[in-house]
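The listed protein sequences derive, respectively, from chains A and B. Under our numbering, the first residue of the first sequence carries the number 1, and numbering increases by one thereafter. Under our numbering, the first residue of the second sequence carries the number 1, and numbering increases by one thereafter.
Each hint should be verified, as a subset may be incorrect.
Claimed, not checked - List of simulated lysine-lysine pairs, BS3-like, C-alpha gap at most 30 Å:
(1) K501(A) - K26(B)
(2) K209(A) - K108(B)
(3) K212(A) - K3(B)
(4) K12(B) - K212(A)
(5) K12(B) - K224(A)
(6) K75(B) - K536(A)
(7) K204(A) - K133(B)
(8) K241(A) - K12(B)
(9) K133(B) - K209(A)
(10) K504(A) - K26(B)
(11) K229(A) - K12(B)
(12) K12(B) - K5(A)
(13) K82(B) - K145(A)
(14) K90(B) - K147(A)
(15) K82(B) - K212(A)
(16) K12(B) - K145(A)
(17) K553(A) - K75(B)
(18) K3(B) - K209(A)
(19) K204(A) - K73(B)
(20) K26(B) - K209(A)
(21) K209(A) - K82(B)
(22) K5(A) - K130(B)
(23) K204(A) - K90(B)
(24) K3(B) - K145(A)
(25) K26(B) - K241(A)
(26) K130(B) - K224(A)
(27) K75(B) - K147(A)
(28) K108(B) - K204(A)
(29) K26(B) - K229(A)
(30) K82(B) - K107(A)
(31) K73(B) - K206(A)
Calculated from the structure, these hints are not laboratory results. Treat the numbers as computed from the prediction; the structure is a model and nothing was measured.
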Amino acid sequence: MRILKVNLSEYSYEIEERDDIEEWIGGAALAVKLMREEIKPNVDPLSEENVVVFAVGPFTPAYPLASKTVAMFKSPLTGNLGESHAGGRTAMAIANAGYRAIVIKGKSHKPVYVVVENDRVYFRDARVIWGIADSLVVARIIAEKEKGRGIRTIMRIGGAGVKLVRYACVTTETYRHFGRLGLGAVFGSKNLRALVVIGRGAFKVKDVKAYKEVYREIYDLALKSDAMKKYHLIGTPVNVKPLNTIKALPTRNLTSTTFEKADEISGEAFAEYNLGRRIACAHCPIACIHVATLRIPYENEPYFYRTIMVSYDYEPIYSLGSMLGVGSREGVLRLIHKVETLGLDAMSTGVCLAWATEAFKRGLIGENETIVKLEFGNVENYLQAMEYLYQQPNDFYRVLAQGVERASEVYGGREFALAFGGNEMPGYHAGYATHIGYLIGLRHSHLDNAGYALDQKIKDYPPPEELVDQLVKEECWRQVLSSLVVCFFARGVYKPEIVSKAFKPLGYELSEEELIRYGEETYREKLRLKVDMGFKKPRIPDRIFETECTHGKLEREYVERALDYWWSKYVR
Amino acid sequence: MPKRLVTVDLEKCVGCGLCVLACSRKFGYAGNDYSGILSVSLSGFERGATVIFCRGCEDPPCVQVCPTGALRKRKGEGVLYKEELCIGCKNCVQACTIGAIFERRDGKIAVCIHCGYCVNFCPHGVLALKEVKA
Ligand code: SF4
Ligand code: SF4
Ligand code: SF4
Ligand code: SF4
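This is chain B alone, in the form it adopts within the complex:
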């Protein structure tokens, strides 16, 4: 069964961004440019922190607006991203209501593909991979 990245207990998120760094590191990069997840404070850290990433829409608006087929519906929930097809139009960035698609410096995009790499680097057990229907 395919899996999807989910949060187990968002209240425990400390805003460390280790998940963000893990996501780019997966591709051999140090930094945040290739990350499909974002760690934010809730209008200032006095209100705590949270993470933003793709929630695996059943009917994904991002796929619908992608003119080149770079974004496709994945088996299960979420999307697949074929970078070489992406023309960097950013339609998808606009279409995702929760802002889970990020603009890279090279003009292309970064989106969570639910691989689960970051789960092992969240020190506070906020993230997990969950099995979903294909």
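Just chain A, same shape as in the assembly:
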């Protein structure tokens, strides 16, 4: 496999043929391997020594839905291993340019953006665009200047990344994000405004006939699968209503799990009143990206409107909607648009502001700190606060830009600072598996092991040890999927049997057992890297025991036992 290594300190690059690491497949597994080779575990995440790996998989141009790119880096938010996945056209462009992975090292002396065009790498001056806060504008400028229309990806940061907000994201193709854990700040710290990859290429498969047959099978499965239909029609926000019904929708900094305006901001309502178009990641037949049209009048100028297109998903609806007590679709869309332009992670931003709102209410902080009055449901003030998160005009916003864990260390309110392993909480409060899942998931993401989904199926909980083993097993299999960079929404399509079958026409033999073993190995290696980076047992926020969830109130003892068990069995 070919790996491109770009060195920003020296404005140089090399392309390596690495047949020796073939068994690291791609995606998450390969990224862990390359991180191990390239990074010293104790480096400062915002220093020149941090390393970023973008990895795609062996199926990427070959089969549908192998459409994710795995980014790995040291996270400035958690100080530990950072991993985040994004769709868009990134995976396709990297694979067609001929690479399984791209490694970014060093730090540019001045702002640049980098263009990879198949075998060539160009370093471009980005000083002129460095001060532009709006990520969409930056992307448009680069898109107009560079070639490769239709076969490229433009991964860029907004103002939040430039200003090193530790949960700044990297955005690709307008609406997809390497959202979590602060890759945007890592870009910013490297003086890297954007990474453009232009890829035209293809490889001949080993067995053409079998390849076409397996392709057809996967394609048909994807279109017919019920699991995918859910995302097809209403998109991920289809979850708002059911989660609200089962008391799992975190509301107003998780003081409640039902939101009286849930129907207003449900997937169904967005689809009926706001959905403007749908688009897809490259090589995805589903097109789950739902884009809303929002017409905003100018207050003092009649007959002047601004029409914006905002992509909405369940996660931002939770974090900028129910979590902030915002129950109007227009309000939610405007907040999403704001984080989109600044390049902030929607979930971290929402959770930070929700914590700040409660801290404000309790008098831990005042207007001296927040400048604007923070109150649940007040969209205008939240928009202003987001602007401050970007500008960081005072100490408070400088601290809040480091995440809720840090902010609650400085200002108090730990009990209701909803972070797991330093990462702000995702949008589920469904039961034990949800929270244990966040705590032990190697990215502290709900998608690591899908505890939130398990909670929705479970009636009686097994002993915590059993639950942990079950979650780890799921996470190990998901290592396989994220090494193949298969979209998790397609996990119902890519069962072990199909995966193994799909490898054959490409010239690889991989049995189901081998795949599962690879997953386990990746899990262990990732955890080992986390430990070497100083991973500490994560704090359990008190709030999760105070607010009723699907299964009533949760007991601390169960969660602690689970965490202790995981720590002694898997970490130590």
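Given chain A, work out where chain B with the ligands should sit, using these hints.
Positioned in the frame of chain A, the structure of chain B with the ligands alone reads:
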């Protein structure tokens, strides 16, 4: 009667590029290098997506500028491409006003020959084969 690839409803295009991948796959390749169709956003996905491919000129400029006869007028609309005659001069790439001829990595070109293979892989019914006069 010969057939030509057409769009039925371009507004429904989601920019997935499945058609692009189908076109190279037809030749046994995984990727986009051999594809005679390109999926693009309309200056950013906020404005939607579209596909670019040969629209089967009655009097094709690409054929006119091809020095070797690698591109010939097809019976019906569109062109035939004889790869072994192509010297990779890229005259045709310049000549096609809509940019429907693509440069391959090996220096030759890719152009839609209206075979219809991609039609079956457009999940949103954007593409179709239409009968045209010979
Ligand atoms: S390739 Fe372009 S110039 Fe040639 S026939 Fe098609 S549309 Fe016309
Ligand atoms: S690139 Fe090939 S097909 Fe195009 S004009 Fe030149 S010889 Fe003809
Ligand atoms: S009709 Fe055939 S040649 Fe034209 S784009 Fe589709 S698959 Fe390619
Ligand atoms: S397959 Fe259909 S929807 Fe997808 S890019 Fe091609 S024409 Fe558009």
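Failing hints, ascending? Structure breaks hints 6, 7, 9, 12, 13, 17, 22, 24, 25, 27, 30 and 31.
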